[in-house]
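Trainee: Given next are the chains, with one letter for each unit.
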Amino acid sequence: MSHFQNDLRKRAEDLVVLYPVKRSAMLPLLHLVQEQDGYLSEEGITEVAELVGTSEAEVRGTAAFYDMFHLEPVGKYVVGICTNIACLLAGGEELLEHATKKLGCAVGGTSSDGLFTLEETECLADCDIAPVVQVNHRYVRTTTPDAFDAMIEEVRDGKRESEIPPHGTLIRVRRSSGLQAPREEIATQRASAQAAREARAAKEQN
Amino acid sequence: MATFSAPKIVSSRKDFDDSYTLSRYLETGGYIALKKALGMFPEKVAAEVDAASLLGRGGAGFPAGRKWSMLRKSPISYLVVNGDESEPATFKDHYLIERDPHQLIEGVVIASYALQVSQAFIFLRGEFALGLERVQQAVNEAYAHGALGSKIFGSDFSLDIVVHPGAGAYICGEETALIEALEGKRGFPRIKPPFFPAVTGLYGEPTVVNNVETMSNLPWIVNNGGAAFAALGEGRSTGTRLFALAGRVKNPGVYEVEMVKNTFRDLIYDQQFGGGLIGDKKIKAFIPGGVSAPWFGPDLLDLPLGQDEVAEKGSMLGSGSVVVLDEDSCVVRATWRITKFFSRESCGQCTPCREGSGWIERAMYRIEHGGGRLEDLDLLLDLCDNISPGLLWPPQQTTICVLGPSIPSSVNSAISMFRNEFIAHIEHGGCPHD
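So the sequences go chain by chain: A and B.
Residues 41 to 246 (our numbering) make up the first sequence, in order.
Residues 3 to 436 (our numbering) make up the second sequence, in order.
Incorrect hints may appear among the rest.
[What the hints assert, rightly or not] Pairwise CB distance ranges (calculated):
(1) G372(B) <-> S152(A): 47 to 55 Å
(2) P113(A) <-> A4(B): 49 to 57 Å
(3) A97(A) <-> G206(B): 19 to 27 Å
(4) P391(B) <-> G154(A): 49 to 57 Å
(5) A232(B) <-> P60(A): 56 to 64 Å
(6) P300(B) <-> P185(A): 31 to 39 Å
(7) A227(A) <-> P196(B): 19 to 27 Å
(8) A235(A) <-> K194(B): 25 to 33 Å
(9) Q398(B) <-> P222(A): 48 to 56 Å
(10) D19(B) <-> G149(A): 33 to 41 Å
(11) E236(B) <-> Q234(A): 38 to 46 Å
[What the hints assert, rightly or not] From chain A, some residues computed to sit far from chain B (all C-beta separations above 12 Å):
(12) E53
(13) P113
(14) K116
(15) I125
(16) K142
(17) D189
(18) T209
(19) R215
These are calculated hints, taken from the structure and not from any lab test.
Using N, Cα and C, we set each Cβ at its ideal position, and we do this for glycine too.
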């Protein structure tokens, strides 16, 4: 019985076969777990371990290294505010401080209604519109406290749902199926490229 | 005076709202270079890139042609594109990924053909949700268009591209850490030697890792020839380069600028670029190439935007990010935040970096927030010296990767340029700007 619901099991299996080595699908699969559960659930970790052919400890140990993976449940919306150098110079710390008041939670905490988790992030590479704010990894581009408050209210009222989907950075990423070059063709091409190079190397040596 | 005569090589579609679609890409000359390249011998394509003297646009500035030619002796198995742009205040690859994904893909196919590689990976920051969507969509379109997959445009060449998401770790921009992440592991940089993934890379096989902007230059180089690219710029710095301008300027943004022909002053003050400082304040200092780079003062504003020109003055163009601090910016706070970043992002493998970054961050914190001591200044420099002996440029290394030696840059710069401000913080018992 798969923990992945709907088409997620199929998407996960499709991801695994894209890579020459199964374990390479680790990070994308963990993103899928978060897409469904909002965080890395025990069941999700077990299923990823099975899919990539490793132990649950290996999966957990790998996931813990990466900032985007939540090992405990978080709010429906994860609000990230950058305070790194460009945002610092544009008032990022002040905006983060403001956000703790607006959301009623500390940095790293979740609002009492369970809707918002607030994070202080490192540079999000959108520094011309600083301070940078992301909600579920969508740039919302609100740089002032007033704009931030208005955005939060819209999100709370469900007015930004098309723009800010639930967790899972891959939630709208789909690889068209059946468009992969045949494996045999790739293998043949690799073999002939190698043979050509070896022949050339042998010639150079002579 | 700023010069604008150079063509826009990688940002030519900047003014189109639909620049990321296949239809716009084809209308604006897309995939012509790929067809041309497929009609050439792979070695000839590589030779054009060599002739262009294209320096890698990721940060280290290693010549892309040499990266490829070093590999030619052993067959390359994989091409990996580094789109894990995380150097603070760098956002030029973000632009290329979201706004011109087909240009990136065309570059990847051209490079793969030149290297005769049949499997490529585009590694993108996990935080680029929209970028991941756009690049995957463009990959889908490219397959359907015949520009990717089996027997590309009717040639004998086949290629698969997999778009791979990261998950939030600065260190994965280091190419061996990126390979580890792509193998589904923690992003720990690999022990050198071997110095290049070209020897042992993904799955232990020879691998080329190139930056997004480097790849995005290839269609133009194939269309116009390596010599035309090399004719732009000066010396070793050929072509144009994207600069991400941020901080206390009126018009922060991504600007494509001909190498060497323009100066930092042009970039920061010209109306077509930064437009000067907010409130017409005076400039206090600027960071010329990402937070790993030593800072410059206003006396070096007239330095040309060229790799060797900046290196001669003891810093680097690095990731193509320029951050401007004005007369009211607190350099102690800026330095503290940068050290906090390194402390958070150190992968923890090497003691000097893991322990040193946290220690430096705590010392910087107490100076900025009250509780600093005069002897902290010596302590900070001593800690920096333990991470990178001699505080030289280019830095000496005691760690597996260059994250460690990047930590002292801002600390050493700030203390040597603005020692009085540190002392003011210590004597005032906190930040005088608060």
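Trainee: Provide an ascending list of the numbers of those earlier hints which the structure does not satisfy.
Mentor: When the structure is compared with the hints, numbers 1, 5, 15, 18, 19 turn out to be violated.
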